[in-house]
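Asks: Residues per chain, in single letters:
Number of protein chains: 2
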Amino acid sequence: MSLEFSVTRPCRLGNVPQWDMETDVVVVGFGAAGACAAIEAAQAGAVVTLFEVASGSGGTSALSGGEIYLGGGGGTPAQQQAGFVDDTEDLYRYLLMAGGPDADEPKVRTYADGSRAHYDWLVEQGLTYKNTYLPERMLEPETDDCLIWSGSEEAWPFSGNAKPCPRGHTPQWAGWGGGRMLMDVLAARVVKLGVDVRYDSRVLALIADKANNVHGVVVRINGQTRYARARSGVVLCAGGFVMNRDMVRRHAPGLLRANEPIGSPGDDGSGILMGISVGGAAIHMDQGFVSLPFYAPESLIKGVFVNERGQRFINEDCYHGRIGHHIMQQLGDRIYLLVDSATYQQPAEFTRIGIAAAGDTWEEVEHDLGMPAGTLSATVSNYNRHAADGADPLFHKAAKWLKPLDEPPFVALDCRVDYAFYPHFTLGGLDTLPTGQVLSEKRVPIHGLYAAGRTSCGLPRWGGGYSSGMSLADATFFGRQAGRHAAASACRS
Amino acid sequence: MSLEFSVTRPCRLGNVPQWDMETDVVVVGFGAAGACAAIEAAQAGAVVTLFEVASGSGGTSALSGGEIYLGGGGGTPAQQQAGFVDDTEDLYRYLLMAGGPDADEPKVRTYADGSRAHYDWLVEQGLTYKNTYLPERMLEPETDDCLIWSGSEEAWPFSGNAKPCPRGHTPQWAGWGGGRMLMDVLAARVVKLGVDVRYDSRVLALIADKANNVHGVVVRINGQTRYARARSGVVLCAGGFVMNRDMVRRHAPGLLRANEPIGSPGDDGSGILMGISVGGAAIHMDQGFVSLPFYAPESLIKGVFVNERGQRFINEDCYHGRIGHHIMQQLGDRIYLLVDSATYQQPAEFTRIGIAAAGDTWEEVEHDLGMPAGTLSATVSNYNRHAADGADPLFHKAAKWLKPLDEPPFVALDCRVDYAFYPHFTLGGLDTLPTGQVLSEKRVPIHGLYAAGRTSCGLPRWGGGYSSGMSLADATFFGRQAGRHAAASACRS
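Line by line, the protein sequences give chains A and B.
Here our numbering is used: the first residue of the first sequence is 404, the next is one more, and so on.
Here our numbering is used: the first residue of the second sequence is 404, the next is one more, and so on.
There's no promise every hint is true.
The list treats identical chains as interchangeable, and a pair is accepted whether it falls inside one copy or across any two copies.
Unchecked claim - In the EDC-like style, the derived pairs of lysine to aspartate or glutamate whose C-alpha atoms are separated by at most 16 Å in a straight line are:
1) 595 <-> 701
2) 803 <-> 508
3) 806 <-> 527
4) 613 <-> 407
5) 845 <-> 649
6) 803 <-> 736
7) 533 <-> 763
8) 845 <-> 407
9) 533 <-> 516
10) 533 <-> 493
11) 845 <-> 752
12) 595 <-> 508
13) 613 <-> 547
14) 803 <-> 545
15) 595 <-> 792
16) 806 <-> 545
17) 533 <-> 767
18) 806 <-> 752
Everything labelled a hint here was simulated from the structure, so no lab data went into it.
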């Protein structure tokens, strides 16, 4: 009998011919969330099997900078050494605001309370942090330093809501790409704890009974279909759906304007679809991270973004992902960053930000861009007048970034949506409790099913509030909760 | 044995104790979509049972103006009498653009080709249209006239894409509220065709086999739980989810800024949730119609909308729902409509649009609104300069609405998002084929399940493209397709 399996339809328990494998906890996906889930479950005494579709560990986490958004509890060693006292309530207020109009308060509370200890846990796993602080605004340290400003903490409106503190923690690793090192450390722990790791193993479907309680997975290993029983729980850590362009079109078509999906091939939505197949609710599926990583050089933050009508639309000192979020909401694809000779520095080559126009007056630049007289030039004139007083009454950009753009020549940098580098990934996913339990539309937990990382809708769920390190913070922390909870369920059964 | 049912979980076929009722086609919901589905199914010879949770017909359709977006094929009688030739391809291009970044091309094609004949069908059901044309811009006729401009056809960017034509058809009914009459006519047809209509009947869950093929519904009638078999299909026409504020929060939190949900209590998402429960995909769940119905009086269209930074953001001559869509994307809740003494007329009382500031110069108004000098006043100054030449280089407002706002006193009308009247409803729902068949995430039809109206994601699926009458057009037309297809399935079985 040939059975076809689909991530959109569970295999019913009655159709399982035999259990080819039995374990307590099945973890699907070997990115950061899956690794942390496996570590906690194994440490709690559960037998853990981890299926990864690729031939090695890492997932999309290994493609990242390895930066994790951490703080609270008075501060991590890096924060303290740099002179910051990071109060848990400030972290809580920042994350709540960053969660947008439907922030997940219980998760924010749990993470704010537990973030400081999570730092210690990461160190216990073998990660090292140099405990140094780089005050300049950047995407990631080019060195092996640790702490940076990685969000909109110092920018309006966040700055008025929570005392700003830098919280981006990058492990000690020279240059970009610390995510690979992060994953190697976590993967080594997973192996050391005796987790049964199966690579080249594609999970095809969940196995569920009629009431949609989850009992295991159908998995394809070496061309063979295997039925794996999970006595206590399946933890879906299979990434988001940015690589499934059909799903993006149907759920998050606004992201189609951005041109660079960030992810690994595994970010095909299969984890989310499996959760839906047994009644899980996928929420905020329209939301994504979209960025224009225009700094460093940080002097460009002193520039002014305008849309194709010469209008400002954002305080330029907020996080580049918040700026990307607002760029996507502008009518028209032409976006410019205006700078003068004192603030101009060449943007990083990979950003594909070139020069659209230059002139000795802003009127000349305005004219060269084909904008009506009195649009861009009036915007700059207004900006300059107030910047000279250290004020930005329209967008409340912080004083340290305010400088009149009055030193010719003047330049409009070309940040066209259809040409410049706009990386993006998805933030929508399965609704979960802080324990990782997947919830139905009525918010009832689905027995035996957990999710973490971008398969779930976690702390980051609103493009306007994303900060670097937030997705890894969510994946590692709530991956741990899911693994621990699934293991506890194992001990009870 | 007490069984608990949930719209989020199908009742499995094996758990059905007996069939209390048997029919060919079950229709859930007696709004426009359900009525049209029932009519077509019955006319095709199927035995039809319609369950409605309320005590009478109508649903949300009966709360509307009864206006239907119709045209193509050279024009309806009303269009032709008014001198318009409405080419099918213009209707097609308009609807495709109005569908936004993931327009449903097959549905747009089907509707454009079939809209003209759909008009005849509506007349055959007993609706009467006066075939008169009102050229003024309005929400609905206050008289029993028929044809109005009900979308953004004449406005940029739609006007450059398809030859404009008015397509809002209101049945002959004196004053607002033609939706009640529309539904009475359709309901009379339903009854005349022998459809078994059951009021006060709440469908609790779908009945499905292990492969999620749908076989019927569990329904609560007079306090009794009944198992109703649908030999060939269940058609979900149970409305949208705007009244389920938890669902709105998790899927469309952007709509929470609007303050007036438009719907009946039945718009609780139950139809969508039942579809999801058997593997149906819900798409574009973030999208909604949000309006600021600021005209009539149409002279207000000659005004200028600005956000709280004094910036324009839209051509004011587009449909009020498109303006509402863009208002929701502005930072900040303060929105003003600027008019001068020549263009000012009092907005309708129900809009709660009052006067925020007035002055003899725009600088005075700007100051009174607390805006920095040179913001609002520069916006108006630029606008006026070009309007005097009949041009709007920034937003391409059509010449007929362009008039310099230069006759004092000047007025800023207060359209605050947190106070003025912002009606809204949801546009996301189940993905369907033009036949009404509900699709999985992989776009595979779910056997025995159909959806229409706002339970489905139809022609209207993007807030920026909504036009009055589009939802009823979609509900009536694709309700018919669903009923016909389900009945054909009955004949085959």
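Asks: State for each hint whether it applies.
Replies: Hint check:
1. Taking identical chains as interchangeable, the C-alpha atoms of residue 595 and residue 701 are never at most 16 Å apart, the minima being 42 Å within one chain and 73 Å between chains.
2. Taking the shortest alpha-carbon separations for residue 803 and residue 508, neither the intra-copy value of 32 Å nor the inter-copy value of 50 Å comes in at or below 16 Å.
3. For the homomeric pair residue 806 and residue 527, neither the shortest alpha-carbon distance inside one copy (45 Å) nor that between copies (70 Å) is at most 16 Å.
4. With identical chains, the CA atoms of residue 613 and residue 407 are at most 16 Å apart between copies only, with a shortest distance of 14 Å across copies and 19 Å within one.
5. Only between protomers do residue 845 and residue 649 lie at most 16 Å apart by alpha-carbon distance; the minimum there is 9 Å, versus 27 Å within a single protomer.
6. In this homomeric assembly, residue 803 and residue 736 never come within 16 Å of each other (Cα to Cα): the closest approach is 29 Å inside a single copy and 27 Å across copies.
7. Taking the shortest Cα distances, residue 533 and residue 763 never come within 16 Å of each other, neither inside one copy (46 Å) nor across copies (63 Å).
8. When the C-alpha separation of residue 845 and residue 407 is checked against a cutoff of 16 Å, the pair qualifies only between copies, where the shortest distance is 14 Å, while the shortest distance within a copy is 30 Å.
9. Neither within a single protomer nor between protomers do residue 533 and residue 516 lie at most 16 Å apart by alpha-carbon distance, with minima of 24 Å and 67 Å respectively.
10. In this assembly of identical chains, the alpha carbons of residue 533 and residue 493 never lie at most 16 Å apart, being 24 Å within a copy and 64 Å across copies at closest.
11. Taking the closest pair of Cα atoms, residue 845 and residue 752 never come within 16 Å of each other, the shortest separation being 48 Å inside a single copy and 39 Å across copies.
12. In the homo-oligomer, the alpha carbons of residue 595 and residue 508 never lie at most 16 Å apart, since the shortest distance is 35 Å inside one protomer and 53 Å across protomers.
13. Within a single copy, residue 613 and residue 547 get their C-alpha atoms no closer than 52 Å, and across copies no closer than 55 Å, so neither meets the 16 Å cut-off.
14. For the identical chains of this complex, residue 803 and residue 545 are neighbours neither inside a copy (24 Å) nor across copies (57 Å), given an alpha-carbon limit of 16 Å.
15. Within a single copy, residue 595 and residue 792 get their C-alpha atoms no closer than 60 Å, and across copies no closer than 76 Å, so neither meets the 16 Å cut-off.
16. Taking the shortest alpha-carbon separations for residue 806 and residue 545, neither the intra-copy value of 27 Å nor the inter-copy value of 56 Å comes in at or below 16 Å.
17. Neither within a single protomer nor between protomers do residue 533 and residue 767 lie at most 16 Å apart by alpha-carbon distance, with minima of 49 Å and 57 Å respectively.
18. For the homomeric pair residue 806 and residue 752, neither the shortest alpha-carbon distance inside one copy (25 Å) nor that between copies (46 Å) is at most 16 Å.
In summary, the structure is inconsistent with hints 1, 2, 3, 6, 7, 9, 10, 11, 12, 13, 14, 15, 16, 17, 18 from the numbered list given earlier, while agreeing with the others.
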